[in-house]
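Residues per chain, in single letters:
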Amino acid sequence: MAAEINKPLRYILQAINYSVFMALIWYFATAPSIRIIEDDEAMLTMAFAHAGELREPCRRLSQEELNKLAPNMRKLDDCPRERSPVLIEMLLDGEPVYKKQLDAPGLYNDGGVDVYFSQTIKAGEHRIILKMDDSVRGSGFEYFTEQTVDVVPAQILLVGFNTRSGFVVR
Amino acid sequence: MLVNPVKRAYLMLESWFNLSFGTAWNPLYHLGTLSFFLFWVILVTGIYLFIPFHGSLEGAHASVEWMTNEQWYIAGVMRSLHRYASDAVVITVLLHMFKEVASSRFQGFRWFSWVTGIPNLWMIITIGVTGYWLVWDELAQYVAIGSARLMDAVPLLTGAMTRNFVSGEMTDRFFILIEFLHLLGQPLLLVFMLWIHVKRMSNVEINPPRGLAIGTLLGLTVLSLIKPAVSHAPADLTTVPQILNIDWFYLNVYPLLDIWSGESVWILTIVVTVLLMMLPWLIPKKDGEKAVVDLDHCNGCGLCFDDCPFDAITVQARTDGAKFEHEVVVNPSLCGACGICAGSCPSSNPFRTPKGELKTGIDMPQFTADEMRSQTKQTLESMHGEIKILVFGCEHGLNANRLDSEYSKGMSLICSGMLPPTLVEYALKHGADGVMVTGCRQNDCYFRFGNRWTRLRFDGERKPALRGRADRQRIRIHGGAETDKNEIKADLKDFHQHLVELKQAERTEADD
Numbered sequence: 001m002a003a004e005i006n007k008p009l010r011y012i013l014q015a016i017n018y019s020v021f022m023a024l025i026w027y028f029a030t031a032p033s034i035r036i037i038e039d040d041e042a043m044l045t046m047a048f049a050h051a052g053e054l055r056e057p058c059r060r061l062s063q064e065e066l067n068k069l070a071p072n073m074r075k076l077d078d079c080p081r082e083r084s085p086v087l088i089e090m091l092l093d094g095e096p097v098y099k100k101q102l103d104a105p106g107l108y109n110d111g112g113v114d115v116y117f118s119q120t121i122k123a124g125e126h127r128i129i130l131k132m133d134d135s136v137r138g139s140g141f142e143y144f145t146e147q148t149v150d151v152v153p154a155q156i157l158l159v160g161f162n163t164r165s166g167f168v169v170r
Numbered sequence: 001m002l003v004n005p006v007k008r009a010y011l012m013l014e015s016w017f018n019l020s021f022g023t024a025w026n027p028l029y030h031l032g033t034l035s036f037f038l039f040w041v042i043l044v045t046g047i048y049l050f051i052p053f054h055g056s057l058e059g060a061h062a063s064v065e066w067m068t069n070e071q072w073y074i075a076g077v078m079r080s081l082h083r084y085a086s087d088a089v090v091i092t093v094l095l096h097m098f099k100e101v102a103s104s105r106f107q108g109f110r111w112f113s114w115v116t117g118i119p120n121l122w123m124i125i126t127i128g129v130t131g132y133w134l135v136w137d138e139l140a141q142y143v144a145i146g147s148a149r150l151m152d153a154v155p156l157l158t159g160a161m162t163r164n165f166v167s168g169e170m171t172d173r174f175f176i177l178i179e180f181l182h183l184l185g186q187p188l189l190l191v192f193m194l195w196i197h198v199k200r201m202s203n204v205e206i207n208p209p210r211g212l213a214i215g216t217l218l219g220l221t222v223l224s225l226i227k228p229a230v231s232h233a234p235a236d237l238t239t240v241p242q243i244l245n246i247d248w249f250y251l252n253v254y255p256l257l258d259i260w261s262g263e264s265v266w267i268l269t270i271v272v273t274v275l276l277m278m279l280p281w282l283i284p285k286k287d288g289e290k291a292v293v294d295l296d297h298c299n300g301c302g303l304c305f306d307d308c309p310f311d312a313i314t315v316q317a318r319t320d321g322a323k324f325e326h327e328v329v330v331n332p333s334l335c336g337a338c339g340i341c342a343g344s345c346p347s348s349n350p351f352r353t354p355k356g357e358l359k360t361g362i363d364m365p366q367f368t369a370d371e372m373r374s375q376t377k378q379t380l381e382s383m384h385g386e387i388k389i390l391v392f393g394c395e396h397g398l399n400a401n402r403l404d405s406e407y408s409k410g411m412s413l414i415c416s417g418m419l420p421p422t423l424v425e426y427a428l429k430h431g432a433d434g435v436m437v438t439g440c441r442q443n444d445c446y447f448r449f450g451n452r453w454t455r456l457r458f459d460g461e462r463k464p465a466l467r468g469r470a471d472r473q474r475i476r477i478h479g480g481a482e483t484d485k486n487e488i489k490a491d492l493k494d495f496h497q498h499l500v501e502l503k504q505a506e507r508t509e510a511d512d
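Going down the list, the protein sequences come from chains H and U.
Using the numbering used here, read the first sequence as starting at 1 and increasing by one per residue.
Using the numbering used here, read the second sequence as starting at 1 and increasing by one per residue.
Bound-form chain H, shown alone (with noise of 0.2 Å):
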């Protein structure tokens, strides 16, 4: 049984409560406020999807192998599923600040993969160096990208690819 105690006090007591409540919420609604980046940095971003090349190339039937298809199913080219993983290397100023193999996803490695990588950098003038082998077939990377970006403070530096346009920096 509570203890007994006068309505207007009980008032006062009930406002004191009242006001620790909306305290606590008032506080953690906004507080304490988290800092991203630094007034004198910008962020690295690297996000695209690409799908490696095939293994393998895609072979051209004979006459006589599509013969023995049934009629619905003769398509002109062999083409195994599986794809060649994707090496990707960034580096920023000469230091290597990403380098990693991907495999293609899938149960038969047959998907293209996701790229993405962030980082906090400072602004200014970098030098970015993009490098992309995408085939198990050829020597070296397929494709190579060198340029000189102004990075603005706050600035998200985005590092797309496409395989028309290799890697696209903006």
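Please note that the accuracy of each hint is not assured.
[What the hints assert, rightly or not] Listed below are the simulated DSS-like cross-link pairs for lysine-lysine, each with C-alpha atoms no more than 30 Å apart in a straight line:
#1 U:K359 with U:K463
#2 U:K463 with H:K7
#3 U:K7 with H:K7
#4 U:K377 with H:K7
#5 U:K323 with U:K377
#6 H:K7 with U:K493
[To be verified] On the chain U side, residues computed to face chain H include the following (Cβ under 10 Å):
#7 W16
#8 R163
#9 G211
Just so you know, the hints here were simulated from the structure itself, not pulled from any lab data.
For glycine and all other residues, C-beta sits at the position ideal for the given N, C-alpha and C.
Keeping the supplied structure of chain H fixed, place chain U upon it in accordance with the hints.
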């Protein structure tokens, strides 16, 4: 008696709230209903906010800014209430969990409510997260990318979600999906989950006392006026926000993503969730023996069905050929073994079979109605003072034996709700000058309704009611926890004095 520090902390907080609010308004006794009330606040304010809200990448931030700055007196207050009521829900839910753990109300037969309750907290948090997206400011951007990283870390998902954000591929369609989730999908799922959560309870209340609701709403409104919820700068996927004022009630996981991988955050979250869900088995507690129905003494009146706090009793058509229409059946997996049903059974009347064994319609094997009656008699026979007060306590409040004195003796029941009012009458007829019932603190019964039903039965407002022939002046109720010994002892002393005066008055009347 030793009380563990967690329970002691809880009892101290409870005492403070009892002092401030009284037992009827104590927020700790209404955490569930308070959470429901806050949902209503969130729902009503959310409906209002939905009207001027523009659900697109281009328009969202501007529309929220309009609400905050142009129509601050209605939409701005609504926005703040919406946000702060959401924050308040997290506090009430966490307090609810703390209370259940501190007072050991999560193990044994209660495992179901505990296990189904944990995902509710996550569901609430995910609703809050999608709510933050909709503002589409820098904080929304941070939350969106963090959420995408978490989704990308889930095995079997394609891993392309983060890329969509950072490479600027997000469209209004995706934004509308989030809007749909926040406005309809998630809340509906939460309502369903809450229904499951309370499935094993009867007489579920969803409205808090009016005074508590008004006080809470008033507090939130004052907070909304003096500290309106505001947005960050509009989201810009080509820049990184530098400083963010995050809502720690909802977004506490996100800063971890700045130092850990998405996979690590998932592992931590899953481990914490699983550990919490496993708590009933990590700190086990055995239930007592479950209630047993004796059809030979059950007339199917259904009072036990009305009083059972855990929905463990059902009424069905008679199966034994007796002249009565119904009988009751106990589901042992739902039964809390509290004995409240035995207290409600009219057949528990100790005057029924004065010589033979007292058999009742529904009874507790570990402490039968017959044992209650004989122990009452024995206890009274062992007392020799001029004034004899029999104290009925329960296993979860203050141990009644700690109140033993030259004029009082305690007798512990499983729950004060298992005390048939006729047993009080029996005790008064067999030598007791007074009967005191302790049990748990008022409105905080370990078995939900034990002390509430007892009080109502004694006041004649609930069946089986205390009969008029029992002198109400000789009965006192004072619920209390293990830590309330001094307070109850003082009331017992006062009760003793009251009985002494009553006896003197009777003597004077007899002499006259």
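Hints and how they fare:
In summary, the hint linking K359 (chain U) to K463 (chain U) is supported, as the alpha carbons are separated by about 19 Å, within the 30 Å threshold. With a CA separation close to 33 Å, the supplied pair K463 (chain U) and K7 (chain H) exceeds the 30 Å bound. Note on K7 (chain U) and K7 (chain H): the hinted pairing holds, with a Cα-Cα distance of about 29 Å set against a maximum of 30 Å. In summary, the hint linking K377 (chain U) to K7 (chain H) is not supported, as the alpha carbons are separated by about 43 Å, beyond the 30 Å threshold.
Straight-line distance between C-alpha atoms of K323 (chain U) and K377 (chain U) comes to about 34 Å, which puts the hinted pair past the 30 Å bound. Simply put, K7 (chain H) and K493 (chain U) have alpha-carbon atoms about 26 Å apart, close enough for the 30 Å limit, and the pair holds. About 8 Å separates the beta-carbon of W16 (chain U) from the nearest beta-carbon of chain H, less than 10 Å, and the hint is met. Residue-level restraint check for R163 (chain U) holds (minimum Cβ-Cβ distance to chain H is 4 Å; threshold 10 Å).
For the restraint placing G211 (chain U) at the interface with chain H, the shortest Cβ-Cβ distance is roughly 9 Å, inside the 10 Å limit, so the hint holds.
In terms of the numbered hints stated before, the structure departs from hints 2, 4 and 5, listed from lowest to highest.
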